[in-house]
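*Asks:* Protein chains in written order, with the numbering used here: chain A, 1401 to 1731; chain B, 27 to 334; chain C, 52 to 393.
Note that these hints are calculated values from the structure, not bench results.
Keep in mind the model is a prediction, meaning the values are calculated, not measured.
One thing to keep in mind: the hints can contain errors.
Here are a few chain B residues that face chain A, going by a calculated C-beta distance under 7 Å [claimed, not checked]: (1) R223; (2) A227; (3) A228; (4) A231; (5) G233; (6) A234; (7) P246; (8) N247.
A few chain B residues that don't get close to chain A, going by computed Cβ distances all over 10 Å [claimed, not checked]: (9) S28; (10) E48; (11) Q96; (12) Q110; (13) L142; (14) V181; (15) L203; (16) A310; (17) L311; (18) M314.
Even for Gly, the Cβ is constructed at its ideal location relative to N, Cα and C.
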Amino acid sequence: MTPGARLVQVDGLVKHFPGARALLGLGRARRPVRAVDGVSFAIESGQTLGLVGESGCGKSTVGRSILRLIEPDAGRVTLDGVEVLALGPRELRALRRRMQIVFQDPYGSLNPRMTVYQTLAEPLAIHRLAAGPEVERRVRSLLEEVGLDPAFARAYPHELSGGQRQRVGIARALSVEPQFLVLDEPVSALDVSVQAQVLNLLAELQRKRRLTYLFIAHDLAVVKHIADHVAVMYLGKIVERASAAALYGAPRHPYTTSLLSAVPVPDPTAQRQRIVLQGDVPSPAAPPPGCPFHPRCPHPKKNDRCRTEPPALREVAPGQLAACHFAEEPM
Amino acid sequence: MSALTWLALAGAVAVALLVAEEAHRRAAASAAGRRFLRHPTATPGVFILAFFVTLATAAPLLAPYDPAFQIDIVHLQNHAPSAQNILGTDVYSRDVWSRLVYGARISLGIGTIAMLVAVTAGAGVGAVAGYVRRWVGAVLMRGVDVGLAMPRMFVLLMAVALWEHLPLAVLVLLIGLTGWFATSRLVRAEVLSLREREFVAAARAAGAGPTRVIFRHVLPNAAAPIIVSAALGIGNVMLLEAGLSYLGLGVPSPLPSWGSMIYDGEPFMAGAPWTSLFPGCAIALVVMALNAVGDGLRDALDPRKETA
Amino acid sequence: MTEPLLRVRDLKTYFVTEQGSGTARAVDGVSLDLFPGETLGLVGESGCGKTVTSLSILRLIPEPPGHIRPGSFIEFEGRNLLTLAPKELRAIRGNRIAMVFQEPMTSLNPVFTVGDQIAEAAIVHQGLSRNAARARAVEMLTLVGIPDPQERVDHYPHQMSGGMRQRVMIAMALVCHPKLLIADEPTTALDVTIQAQILELLDRLQRELGMAVMLITHDLGVVAGTADRVVVMYAGQVVEQAPTTTLFARPLHPYTEGLLASVPRLDTRVSQVRGRLHSIPGQVPAATAWPTGCRFHPRCPYAWDRCASEEPPLLDAPGGEAGAHTVRCWLLTEPQRRERRA
Ligand SMILES: Nc1ncnc2c1ncn2[C@@H]1O[C@H](COP(=O)(O)OP(=O)(O)OP(=O)(O)O)[C@@H](O)[C@H]1O
Ligand SMILES: Nc1ncnc2c1ncn2[C@@H]1O[C@H](COP(=O)(O)OP(=O)(O)OP(=O)(O)O)[C@@H](O)[C@H]1O
Ligand code: SF4
Ligand SMILES: [Mg+2]
Ligand SMILES: [Mg+2]
Chain A
1401 MTPGARLVQV DGLVKHFPGA RALLGLGRAR RPVRAVDGVS FAIESGQTLG LVGESGCGKS
1461 TVGRSILRLI EPDAGRVTLD GVEVLALGPR ELRALRRRMQ IVFQDPYGSL NPRMTVYQTL
1521 AEPLAIHRLA AGPEVERRVR SLLEEVGLDP AFARAYPHEL SGGQRQRVGI ARALSVEPQF
1581 LVLDEPVSAL DVSVQAQVLN LLAELQRKRR LTYLFIAHDL AVVKHIADHV AVMYLGKIVE
1641 RASAAALYGA PRHPYTTSLL SAVPVPDPTA QRQRIVLQGD VPSPAAPPPG CPFHPRCPHP
1701 KKNDRCRTEP PALREVAPGQ LAACHFAEEP M
Chain B
27 MSALTWLALA GAVAVALLVA EEAHRRAAAS AAGRRFLRHP TATPGVFILA FFVTLATAAP
87 LLAPYDPAFQ IDIVHLQNHA PSAQNILGTD VYSRDVWSRL VYGARISLGI GTIAMLVAVT
147 AGAGVGAVAG YVRRWVGAVL MRGVDVGLAM PRMFVLLMAV ALWEHLPLAV LVLLIGLTGW
207 FATSRLVRAE VLSLREREFV AAARAAGAGP TRVIFRHVLP NAAAPIIVSA ALGIGNVMLL
267 EAGLSYLGLG VPSPLPSWGS MIYDGEPFMA GAPWTSLFPG CAIALVVMAL NAVGDGLRDA
327 LDPRKETA
Chain C
52 MTEPLLRVRD LKTYFVTEQG SGTARAVDGV SLDLFPGETL GLVGESGCGK TVTSLSILRL
112 IPEPPGHIRP GSFIEFEGRN LLTLAPKELR AIRGNRIAMV FQEPMTSLNP VFTVGDQIAE
172 AAIVHQGLSR NAARARAVEM LTLVGIPDPQ ERVDHYPHQM SGGMRQRVMI AMALVCHPKL
232 LIADEPTTAL DVTIQAQILE LLDRLQRELG MAVMLITHDL GVVAGTADRV VVMYAGQVVE
292 QAPTTTLFAR PLHPYTEGLL ASVPRLDTRV SQVRGRLHSI PGQVPAATAW PTGCRFHPRC
352 PYAWDRCASE EPPLLDAPGG EAGAHTVRCW LLTEPQRRER RA
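With the hints as constraints, model all of the structure from the sequences given.
*Replies:* Encoded structure:
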């Protein structure tokens, strides 16, 4: 992997949300929520990194911090060599032409008072990419590209189905011709039959436009279909990162193993040994000491070291990183 | 009253009917409009408002006399309604109907202008306080708290007391500037929830600056509470003006406002009730109509009722 | 063969929608049987009528706008639920038939402790004293695997996580040892690791208590792992019904077939999956305007003119006994069309 091929690089990203204050804003602030706690990864141009983890583990916060929709507390983000976190407001707005985001909620991510046309034309106007009749032509071709009839241009979001809205959201992100897309659970809210349509669309767009994706999801099966590399998050940290083949074929972290075994498989004859994790995900405001996963970890070798010493994310096999003291002896 | 005046009055009713009819027709064509029409009082409300607005605009046609003209100070004091003066005359022998018609101009005008001032200020402050989270927002809202804590009538009375012969324009401005605190709270709450919505994040991701985000994405979606509070606000201002005028501190005589008419007639309430009763009814009707239309608009503009 | 515990015949539940967009035929002629001790999976995409079906069984449909059409028939333990007096119905709800709802966050009352809420049904239906009911609540919390039940019984819902609230919901449902548990998407709002816990819990409880479970879900994976028999719904109707292994091995309705093929799966190799996923074209129609003929025909790859004009009945699949595997599709009468496409 030559460094030049890395389009997106994230190093030591940290975001702590201040805790709410008790007593009507006068009391002592509660402990901060350590939403993202030192996340690093790189994505090669034209590839997809899948970011998976359970609700509240900080996936969206990572995605939004990269675009600076949230200001991270520390870390480095570079897009094609440009230091994203060092940019002033004006340069940042210009950079947003090159990276875009598609949101999870197809209902909340479109302005209910703007037609599809207005929604798609707005980025063009902001970045002065088109004017006059050219806008109309661009909107039409965007709609066609995402598989919508151009007649939808006049529709309001509430007149569209979830899948159609998500296509509009994708078209909006594509309108400025970005290189990099953060896809924040783009299919989680969709029906199974429509989810497949949107996943296919995303794969096709990536091929045609040579796009680079950060694909956020909580569904490992979905990620398997689209990602070249996968990073698994737990309580604000990446616990395993590897190529898709390695991660799905030979997971090294007990959490990845458990997560994989918990995904229901639509095959009643499959004889799988299911690992059912005990307990709940701890609050990110009070992560356990040592290995953050240790209270739920089913690894047979789990010991006192796990309870006190946080395992570092280290390379256990070529190209495969895991943060577990026993990563060499996977379950 | 001459035949011409009667004709003009009939015309005013016809215009109001036409407006209400047209509003009804247009509303029935859209989903939002149908939600408006679900309120049985909404269309009558539109009719009443249209009627009084027509009165105000076409006042010279509808009023047989100049509102300040004392017809016959000797024989026509506090004269009961008759063919000559359909709503009677007041203590200065002025035609109550003519004053009512011209009073519509002043009362509705004051209400509208003061409301515009209040809503603009309220929406602006609320939007900034909601969108800019840093100290600016906090300081603005503490200011609003102070404003809300001050009794509005008291402030206005102070101003009137300290400034003799307060010009009408200043009074209107004062009413407006003391009336935006509640609106700004409402707008801020709305903006606070809207700014967390994903379409706002999407607009920012598309490169939109704060001004564009506020004016294109946030405020239009906060339009419902703003418009509703505006509709209710006009009514409030009219009542306030009536109250001030009733205390003799509002619209200076002989300018006719509905409030000052009640004030002028109040000492003769027992013998000549028409002098106060009719402007009182006018205020009540308009305020009720505004409330009805405001309620209808609240539903019409609520996109949450858009499903199904 | 044993008598079914629950027998639903030609259930039609319609909603009169506002603003004149017409009548939503949410459930339109559903028939199904549920046998004692069995787990029936009810699957289908959003809006196909799963929740309305289950609410109709308990007669919890809000009226208006909804109503159950005359001619519908729901029999539970030999009694017609649709003609039961309100009082008798209440004696069944929460007692003989219990329900777990989709949203663990909103289905619990925030102002009562979980213990009070669990105990309530026992007090109402079994006339238990406060103390006995409390003891029962603790017992139920233990049963559903909540740690420190003695202490947790006095907690309020907001002090618990989503998974724990769902366990509390299940404890509430099971407190009177019902014969039938209807679980409406009990794990949809939960994370996979918590979902696995809840599914395992339901499985264990069913075995221990010997009740029948109607498991409503849109996740075919969940069904595959837990149900004995599956009913697939589309557009307010049952389109296919079969024992789980049969259904997954040999789906006969084109919708079931397409649905199974479009689920991203974990049990295939990475090299195999990096291609197009199968997808069903188009989208689920609105309940106010179901297509004529076969309701799936606008999206069906096999459809021919008969499908657009004539509505197929539930037909028996060849090679099985009557009623074991039924499919609502004309292809069963002309199987050669399927081969020609393939
Ligand atoms: N604006 C905020 N203020 C305070 N806390 C926040 C804020 N946004 C997120 N958090 C907290 O940060 C943590 C991570 O949130 P994030 O949205 O990144 O999770 P996620 O992995 O995307 O989860 P999901 O799968 O539910 O979308 C959560 O505990 C959340 O409560
Ligand atoms: N109270 C109601 N008023 C009007 N229509 C309703 C009402 N409740 C349900 N419906 C309609 O009935 C249809 C079926 O709804 P139902 O809730 O049963 O779907 P579902 O299969 O449970 O979907 P989901 O997976 O989203 O829970 C939908 O089209 C819905 O719009
Ligand atoms: S470090 Fe220990 S506790 Fe953490 S995952 Fe590995 S075995 Fe489990
Ligand atoms: Mg998220
Ligand atoms: Mg449902």
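*Asks:* Of the numbered hints stated previously, which ones are contradicted by the structure, given in increasing order?
*Replies:* none
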